[in-house]
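There are 2 protein chains.
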Amino acid sequence: MAEFKHLVIVKFKEGVVVEEMVKGMEKLVSEIDAVKSFEWGQDVEGQEMLRQGFTHVFVMTFSKKEDYATFAAHPSHLEFSGPFSAAIEKIVVLDFPSVIVKPPA
Amino acid sequence: MAEFKHLVIVKFKEGVVVEEMVKGMEKLVSEIDAVKSFEWGQDVEGQEMLRQGFTHVFVMTFSKKEDYATFAAHPSHLEFSGPFSAAIEKIVVLDFPSVIVKPPA
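Taken in sequence, the protein lines are chains A and B.
Take the first sequence: its letters are residues 0 to 104, numbered as in numbering that gives the first Met the number 0.
Take the second sequence: its letters are residues 0 to 104, numbered as in numbering that gives the first Met the number 0.
Same shape as in the complex, but just chain A:
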């Protein structure tokens, strides 16, 4: 069965301490068993025409779509949504079953 992924890309507002946001997310995923894995990154190539102002990526992986629903409805997630929303200038969120074509070696 395909894993389900919750992908978030953002541009934070000026002055936001990104480390604190990331710590908040780390705490969040550690509290919610439904999250199978969590990774994030900051763009380092800086090709502005391609990154369109976005700088950070956050990816949560779930064993199945139902686990994502559990996460989305979890009180800790709802609580975190407030400060996170306040910190971002723009965002794109995509939720999708992951199709792996070339598997990790």
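Note that these hints are calculated values from the structure, not bench results.
Given that identical chains are not distinguished, each listed pair holds provided it fits within a single copy or across any two copies.
Okay, derived cross-link-like pairs now, DSBU-like style, lysine-lysine, Cα gap no bigger than 30 Å in a straight line:
(1) Lys101 - Lys64
(2) Lys22 - Lys12
(3) Lys64 - Lys26
(4) Lys26 - Lys12
(5) Lys26 - Lys10
(6) Lys89 - Lys26
(7) Lys101 - Lys12
(8) Lys63 - Lys10
(9) Lys10 - Lys89
(10) Lys89 - Lys64
Use these hints to put chain B onto chain A, whose structure you have.
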């Protein structure tokens, strides 16, 4: 050492046969050893305010940043860029060392 990821999110133009684009990408990554793994997905939640018109995600994983550079400069990649660029209405690309906080179980 952190894996390096090449993340592409797109909205395809009307009338584009997405399956053909995906097949082209599958062929591409199968031809280029530097690509460690490849996965993709199509958003199924359809929360337009959050997905901002974007519908598809493509993620390539590399063992190190140098492998990404090899991929980016590969003739097959350059050749594929033409038809791919012609097929998309909008795109965001982010390239980043992946930080894994909660590892896969």
